[in-house]
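**Student:** The residues making up each chain are set out below.
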Amino acid sequence: MANKSEIVQEEFDKSAQPAICAERITKTFGAGKDKVVALDDVCVAIRKNEFFTLLGPSGCGKTTLLRLIAGFDHPTEGVIMLHGKDISQLPPYQRSINTVFQSYALFPHMTVAQNISFGLEMLGKPKGHVKETVSEMLALVKMEELRNRRTDQISGGQQQRVALARALAPKPQVLLLDEPLAALDYKLRKEMQIELKRLQHETGITFIFVTHDQEEALTMSDRLAVMDAGRILQIGTPRQIYNHPLERFVADFIGSTNFLSAQVLSNEGRRARLKLSSGKEVSVELPDGAAPKGSVTAVVRPEYSLLIADSEGEGHLQGVLENIVYFGTDTHYHIRLPDETMFVSRRQNQREDTEAFRVGQSVSIAFKPNSVQVLRD
Amino acid sequence: MTSTVNKQKPFSLKKQPGFGLIAIFCFVMLYAPIITLVIYSFNAGKYISIWEGFSLQWYVSAWNNEAVQDAALRSLVLALQASVYSTILATMAALGTTRTRSFPGLTAIYVMINQPLMVPEIVTAVALLTLFAIIKTATGIQGLIYLVLAHTAFCIPFAYLPIRARLEGMDLILETAAADLYATPWKTFWRITLPLLWPGIIAGAMLAFVISLDDVVITEFVKSSGQETLPTYMLGQLRRVISPEINAISTVLVSLSITVVGLFFAIDKKFGK
Amino acid sequence: MKNKAAVSNLVEEAQRKKTRNSWLLSAPALLVLAFAASGPLLIVLVYSFISSGEYGGVVWKFSTDAWFNVVFHRDIFDDKIALADAHIIILWRSIKLSFFTTATTLLIGFPTAYFIATRPRKTRNIWLFLITIPFWTNLLIRTFAILEVIRNEGLVNIGLQAFGIIDGPIQMLYTDFAIMVGMTYVYLPLMVLPLYASMERLDFNLVEAAYDLYASRRQVLRRVIIPLVKPGIIAGSILVFIPSLGAFVTPRVLGGGKKMMLGNLIELQFGAGRNWPLGAALSITLLVLVMIALLVYVRTTQRNSGSLQ
Numbered sequence: 000m001a002n003k004s005e006i007v008q009e010e011f012d013k014s015a016q017p018a019i020c021a022e023r024i025t026k027t028f029g030a031g032k033d034k035v036v037a038l039d040d041v042c043v044a045i046r047k048n049e050f051f052t053l054l055g056p057s058g059c060g061k062t063t064l065l066r067l068i069a070g071f072d073h074p075t076e077g078v079i080m081l082h083g084k085d086i087s088q089l090p091p092y093q094r095s096i097n098t099v100f101q102s103y104a105l106f107p108h109m110t111v112a113q114n115i116s117f118g119l120e121m122l123g124k125p126k127g128h129v130k131e132t133v134s135e136m137l138a139l140v141k142m143e144e145l146r147n148r149r150t151d152q153i154s155g156g157q158q159q160r161v162a163l164a165r166a167l168a169p170k171p172q173v174l175l176l177d178e179p180l181a182a183l184d185y186k187l188r189k190e191m192q193i194e195l196k197r198l199q200h201e202t203g204i205t206f207i208f209v210t211h212d213q214e215e216a217l218t219m220s221d222r223l224a225v226m227d228a229g230r231i232l233q234i235g236t237p238r239q240i241y242n243h244p245l246e247r248f249v250a251d252f253i254g255s256t257n258f259l260s261a262q263v264l265s266n267e268g269r270r271a272r273l274k275l276s277s278g279k280e281v282s283v284e285l286p287d288g289a290a291p292k293g294s295v296t297a298v299v300r301p302e303y304s305l306l307i308a309d310s311e312g313e314g315h316l317q318g319v320l321e322n323i324v325y326f327g328t329d330t331h332y333h334i335r336l337p338d339e340t341m342f343v344s345r346r347q348n349q350r351e352d353t354e355a356f357r358v359g360q361s362v363s364i365a366f367k368p369n370s371v372q373v374l375r376d
Numbered sequence: 000m001t002s003t004v005n006k007q008k009p010f011s012l013k014k015q016p017g018f019g020l021i022a023i024f025c026f027v028m029l030y031a032p033i034i035t036l037v038i039y040s041f042n043a044g045k046y047i048s049i050w051e052g053f054s055l056q057w058y059v060s061a062w063n064n065e066a067v068q069d070a071a072l073r074s075l076v077l078a079l080q081a082s083v084y085s086t087i088l089a090t091m092a093a094l095g096t097t098r099t100r101s102f103p104g105l106t107a108i109y110v111m112i113n114q115p116l117m118v119p120e121i122v123t124a125v126a127l128l129t130l131f132a133i134i135k136t137a138t139g140i141q142g143l144i145y146l147v148l149a150h151t152a153f154c155i156p157f158a159y160l161p162i163r164a165r166l167e168g169m170d171l172i173l174e175t176a177a178a179d180l181y182a183t184p185w186k187t188f189w190r191i192t193l194p195l196l197w198p199g200i201i202a203g204a205m206l207a208f209v210i211s212l213d214d215v216v217i218t219e220f221v222k223s224s225g226q227e228t229l230p231t232y233m234l235g236q237l238r239r240v241i242s243p244e245i246n247a248i249s250t251v252l253v254s255l256s257i258t259v260v261g262l263f264f265a266i267d268k269k270f271g272k
Numbered sequence: 000m001k002n003k004a005a006v007s008n009l010v011e012e013a014q015r016k017k018t019r020n021s022w023l024l025s026a027p028a029l030l031v032l033a034f035a036a037s038g039p040l041l042i043v044l045v046y047s048f049i050s051s052g053e054y055g056g057v058v059w060k061f062s063t064d065a066w067f068n069v070v071f072h073r074d075i076f077d078d079k080i081a082l083a084d085a086h087i088i089i090l091w092r093s094i095k096l097s098f099f100t101t102a103t104t105l106l107i108g109f110p111t112a113y114f115i116a117t118r119p120r121k122t123r124n125i126w127l128f129l130i131t132i133p134f135w136t137n138l139l140i141r142t143f144a145i146l147e148v149i150r151n152e153g154l155v156n157i158g159l160q161a162f163g164i165i166d167g168p169i170q171m172l173y174t175d176f177a178i179m180v181g182m183t184y185v186y187l188p189l190m191v192l193p194l195y196a197s198m199e200r201l202d203f204n205l206v207e208a209a210y211d212l213y214a215s216r217r218q219v220l221r222r223v224i225i226p227l228v229k230p231g232i233i234a235g236s237i238l239v240f241i242p243s244l245g246a247f248v249t250p251r252v253l254g255g256g257k258k259m260m261l262g263n264l265i266e267l268q269f270g271a272g273r274n275w276p277l278g279a280a281l282s283i284t285l286l287v288l289v290m291i292a293l294l295v296y297v298r299t300t301q302r303n304s305g306s307l308q
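Chains as they are written, first to last, in numbering that gives the first Met the number 0: chain A, 0 to 376; chain B, 0 to 272; chain C, 0 to 308.
If we strip away everything but chain A, and leave its shape as in the complex, we get (with noise of 0.2 Å):
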């Protein structure tokens, strides 16, 4: 496992200063036996104006890292920066950064006008500029009406808008988000994810999104970063994580993967071919800096896979069907693997009445071109 995260780049113009750059960060809670390390060597850097999302477990150490972001907490070791400036030493009242906590955190002798209006009167800005923003935040978030309604006599997903208005009024230079939908039920959540990206392309200020629901990352980053255990395993787009996942982690948290046992036959720069344990060979693309020998996993997404019926020698691997699951858009098909591991292929249903495949049968099964990672480990 690498020690240090790397920074896929791509099409990133190297001369723009990132919005937040969290370098070398470590953060120990305890001593001796007791000792916790939440982040180990933890280094990120976050564009400006991108929506970008920390995904991992409980415990993987994403909101410690939010925290110290915020000024909530300072680290052990390492340092943050913000549009190339040292805040670490700063505390969270001299950060241009917000957020908006799980629990929303609303002030409860306060109407929602004044929650929102808070961090504006803080900074000393004049009564006009704030009634101002405060109007143009009730609008931004469509609550105009609950202005002068106490904090807990709304919903939670008004709280929540609520919680989001009053972070946006001083117009950050980051927006820190705390799994904010967590507590909201599926509808209200799918409503918000949209939002919420309506909101960060209107603002255009940065957003830094925590959450452990790896469809939500999916769906709403620009670029995301997979966490496990106090360390970054892999940043990059939506698509980059998903079709070239770079660690086993990575590949098992984010969708469902076949995780298959091969050969290094050759390898000559950013190509290789392997040998599965069919026999078959397979050429594969490698990523980065990445020279693999001997004895490697490789994985493929369900999706990417096709069934053959009953062949000789055509297709990837051969094995036996054992389970076909019909779930109305997809049909999944549980293969048997000679070597007694389970393969799960996925193909998106036609209108037919009638199922090509039956339990039992011998299948053959053939992976789409260029659809088979070679993992790190």
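These aren't lab readings, by the way, just hints derived from the structure by calculation. Heads up, some of the hints might be wrong.
Below, computed lysine-lysine pairings styled on DSSO-like, alpha-carbon distance capped at 30 Å [said to hold, decoys possible]:
# : chain 1 : residue 1 : chain 2 : residue 2
1 : B       : 135       : B       : 222
2 : C       : 121       : B       : 268
3 : B       : 45        : C       : 258
4 : B       : 222       : C       : 257
Computed from a predicted structure; not experimentally measured.
Assemble chains B and C onto chain A, guided by the hints.
**Tutor:** Here is chains B and C on its own, set in the frame of chain A:
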């Protein structure tokens, strides 16, 4: 055979035989003496055993009694000062000792703040008597200050407890959110912490007020001659022929207690979680 | 790039600042308490080891006479050492009455707390309100109220005579019994409230389970309810026992000077008795008794608690 209609009462899970009776007896026993006192404060006659008709004379005579006036005024002034000072000190102490990670000495602070609750009043009274005797002979300072100091001290834990309880129920995330929105620590305290803490502070002040007003033992020992508060005046009166004036004064004080407790419950209901 | 040492200091610095603020905020209260509550106790301790002055007050000369006089008595005529009977009786009365008061308040308070805890939610607050009011009423007034009830011309005697049950008044005042009745009356809410707090959290599903397993009402009480509310019983007992030990007003008003408790004995030394060091020694004795009781409490709760109730 006629079918039997189930006439039994449903099985009561919580009932224990005799408990209800004892409880009612307890409440009666608690209130009977006080109610008797109140009733006889309106007695036109002098003796508690003989009811001679309704009269407010004892209230009037107590009101006009100079000694009573002096004692009542002093009690009030003392209680107001003690509750204000002890509440301010207790609020600061609560802010310093709640919602904070444990540091060496924190337990010692708790012990010291709660110590007046654990040490019997007579011991504290004796201790203060000896201390103030030394100070009086050394400096010659007289006056209410000794009583104010003594009352402030033993009122601190009473003010501290409700303030601390309220503070513990306040999630730190609100102060974090305020800091996130550019509020300096001082502004955060004024705009967020204090307004939300206020009901606890009021409750603490009320408690301290009542405790100071009611104190007998410590006041009795610390006071100089002539410095009577209502309780010490009443204690002195009990040595002589008991005038029903005492009943009248008692009734007034009881009404005050009921009002304060009522307010306390009302505040708790409105702001409590 | 910042070096390691400088950055990790930020974390420590923030912590140190927080601790410093805690001390600063607590300091004023602690100073007042040290001066007017804790500190003076040391003076009392010192006083118990010096000599008594002729007309009250002290003479700064070391002496253990005070401690000696707590339990012993040197006859001024024949110099014989004997037990100070009066003191022993008073000490014993204090401990005895405190135990009895605790027991009585427990016997009356337990069903009362149970009653309140089993009322429906809506009325429960009213009952709580009713039990809290006497608690906040002046101690002196409550003692006085009991005085009015049990004295020879008081409510009980007049009532019993009116119903012809007795011919002449029963002397209840100025007896140990009177003091006990007074203390029970005064400290009853202190037993009920912690008991109630424990009972309110009682999970009646457990009671239901016990009935389901063929237990009788008495068995349920003895083997399920009482053990579960033990923390409340212990807390209430301590809250009654300790003030009872140090009671001053109640025995003075209801014991009339003939039946003294430790508190009155202490007061005597600072008044007519004119023996401040003895008063100091007796105060320390009382304090030690209270500390012992508290220690027993802490020990018992530690032993009984897996979870804090």
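**Student:** Of all the hints numbered above, which does this structure not satisfy? Sort the numbers upward.
**Tutor:** No numbers; nothing is violated.
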